[in-house]
Amino acid sequence: MRNNKSVEQHLTRRGWALPLVWGALLLVGVLGMPYMEGVFRWMEADARQVIYNRAEFYTLLARHLLVVGVAALVTISVGVLAGIAVTRQRGRDFLPLVGQLASLGQTFPPVAVLALAVPVLGFGTLPIIVALMLYGLLPIVRNTLVGLQDVNADIKQAALAMGMTPWQILRRVELPLAAPVILAGVRTSVTINIATAALGATVGASNLGDPIIAGIVNGNMAYVLQGALLIALLALTVDSAFDVYQQRLRTRLSAS
Amino acid sequence: MSLIDALPTPKLSRQAWQPNVVVLSLGVVMLGIVWLFSTVHVAPNRIVPGTSYSLWQAIGWPGALLVTLLISAMCFLALVPTRTNYRAILVLVLVVLLLMPFGLMVAGHWLMDPDHPQARLGIGPAYWALLFILLLCLVELRLKLGVNRLTTTLLLSAVGIVWWLCATWWLENLALIQEFRARDQQFWRAVWQHIRLVSIAVGVSIVLGLILAMLMRRYAKLQKAAFATLNFLQTIPSLALFGLLLAPLAWLAANVPFLAQAGVSGIGTTPALIALIGYSLLPIVRNTYIALDEVSIETLDAAKAMGMRSYQRFWQVRFPLALPVLLEGVRITAVQAIGLTAVAALIGAGGLGTFIFQGLGQAAMDMVLLGALPILLLALLVDSGLGALAEALRPGGRS
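Those sequence lines, one after another, are chains A and B.
Everything in the first sequence is counted per the numbering used here, starting at 1 for the first residue and increasing by one.
Everything in the second sequence is counted per the numbering used here, starting at 257 for the first residue and increasing by one.
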């Protein structure tokens, strides 16, 4: 028991240090990669080029973030709205189907979804955004459903008895209480999307996955390492930021 | 009268005779899709994008009318949702599912020129969407009728067998089938490779995960470090982890001849397996740990009072009670590993992902499908199979 408590205290004390460190490393990597030729030359002594040069690393990072960001914005708004809609009285008929679909969809591998999007939508950045949206929707919908359904019925009754309108109950009671679970869904969705967007390099999108794919195709390990390092740092930055935010949300909820 | 009874309860105002909105809207969407989008396309060869044909062009006016009638009948039946009507809708859905390959045959007969054996029939967006929505209807009907898992599996396998028979005998001009015929040996080898990689990775991580989880139960300090490490691993995108493993392993293989002889190399199975096991450990360890932890102390005390020894308590009480949750971990892991193995094809590990990435490289979409569809199917099969197993092993009877 005491052990648990100390872990919790440790978690609540966790600040923005970790995401900042990862973010700083990412920034250093993106801006400093071209100057690290010596290190990569040692790895790939015979290669003509050791620093990936089809695009600047910050451009790749910006494109990666753009794709993930657009997909995340759409999925969060659509997913949360869908989750709210099917838990209301009017949309309740759709609840079982949407719930089943959201959990069934989790079994679809992201690569397969990406691959299936290409024949329908073509090559380039757009199919990736659409594939990311479709796939990223599922964890958000599922967690919104779970979060909203887990809100204690007594609390909702109490809110109703206090004279709150359904809209007020949703905004003031249900959503704040479900927020940590919804956020966990958003975190899963964004983490998967960062990884899947990198695979988008195989369908002609230029982002941080491109150095890896180009490196594998040309047998240039230096390219592979550059891309892999930056993607890993990006994922760690975003994930640790979500972690801190989640902890804050939980502490605020349990404190009030 | 309690306070709760005094509150307005809008639920009661809804009558049982209201139409089933879900099936109704799915039916309307289906009608819209089959009439608005193209159902099939015909291409002169593998790479050239073909000409698209809509429903009435593909199977003629009688066929189009039949499809429309069947779907409209579903909608009408959904207006009065009684149990009989749900059964009727279920039959209609199955009939449409069974008719779908025959639709392709008719389309192939009408649209294909027998003088061009190279020509191929592609499946269009409306066809896929129709299939998907029919499956959604099945899910909804299954929930409404309370059909159990076994019956659903049997019904779907019956449909699957009809599709399979049609595909092997009469659908040879379908692009997907042609693509398969061109490389059937390669295909089965890839399926086998895929399954082998997944099973090795999952098998090894089950053993490692069990050991790790038990160590974590014994040494509390290990718990935090291990979870932190595994979480860290899980966060790193698959492509990046494969990439990060490539360089050091290539260096090891080049500089340590002993390891190279043992089969370690930068490209191929070694980095794939290391990454797959790394990813698989977290769900297994997490679920094992939680499962073993959740067994109630009272039960264990009762076992102790009955005179069971500690290993008996573990193997006869704790472990069987933890098994369903543990299997849930295995299920998550296996499904995840099936998807990740597809990515591993990029670093030369083989498997079905090879077709996806080769197909993307050659802009041959049917080849992409040849890789992606079996992966999807494999994931669904493993998911439902292990799910059923966990359900059957749940203590207190099977539901």
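Accuracy of the hints is not assured; some may be wrong.
[Stated by the list, open to error] Just the calculated beta-carbon pair ranges, DEER-fashion:
1. B/Phe514 - A/Met36: 28 to 36 Å
2. B/Val512 - A/Ala85: 52 to 60 Å
3. A/Leu121 - B/Ile530: 53 to 61 Å
4. B/Pro275 - A/Ala85: 56 to 64 Å
5. B/Ile451 - A/Ala17: 20 to 28 Å
[To be verified] Capping the alpha-carbon separation at 25 Å, the derived lysine to any residue pairs in SDA-like fashion look like this:
6. B/Lys400 - A/Ala85
7. B/Lys477 - B/Gln490
8. B/Lys400 - B/Met470
9. B/Lys480 - A/Leu95
10. B/Lys480 - A/Val39
11. B/Lys400 - A/Arg250
12. B/Lys477 - A/Val146
13. B/Lys400 - A/Gln247
14. B/Lys400 - A/Leu183
15. B/Lys480 - B/Ala503
16. B/Lys477 - A/Gln247
17. B/Lys560 - B/Met470
18. B/Lys477 - A/Gly15
19. B/Lys480 - A/Arg250
20. B/Lys400 - B/Val304
21. B/Lys477 - B/Ile467
Don't read these hints as lab results, they were simulated from the structure.
Glycine included, each C-beta is placed from N, C-alpha and C at the ideal position.
Structure versus earlier hints - violations, ascending order: 3, 4, 5, 8, 9, 10, 11, 12, 13, 14, 15, 20
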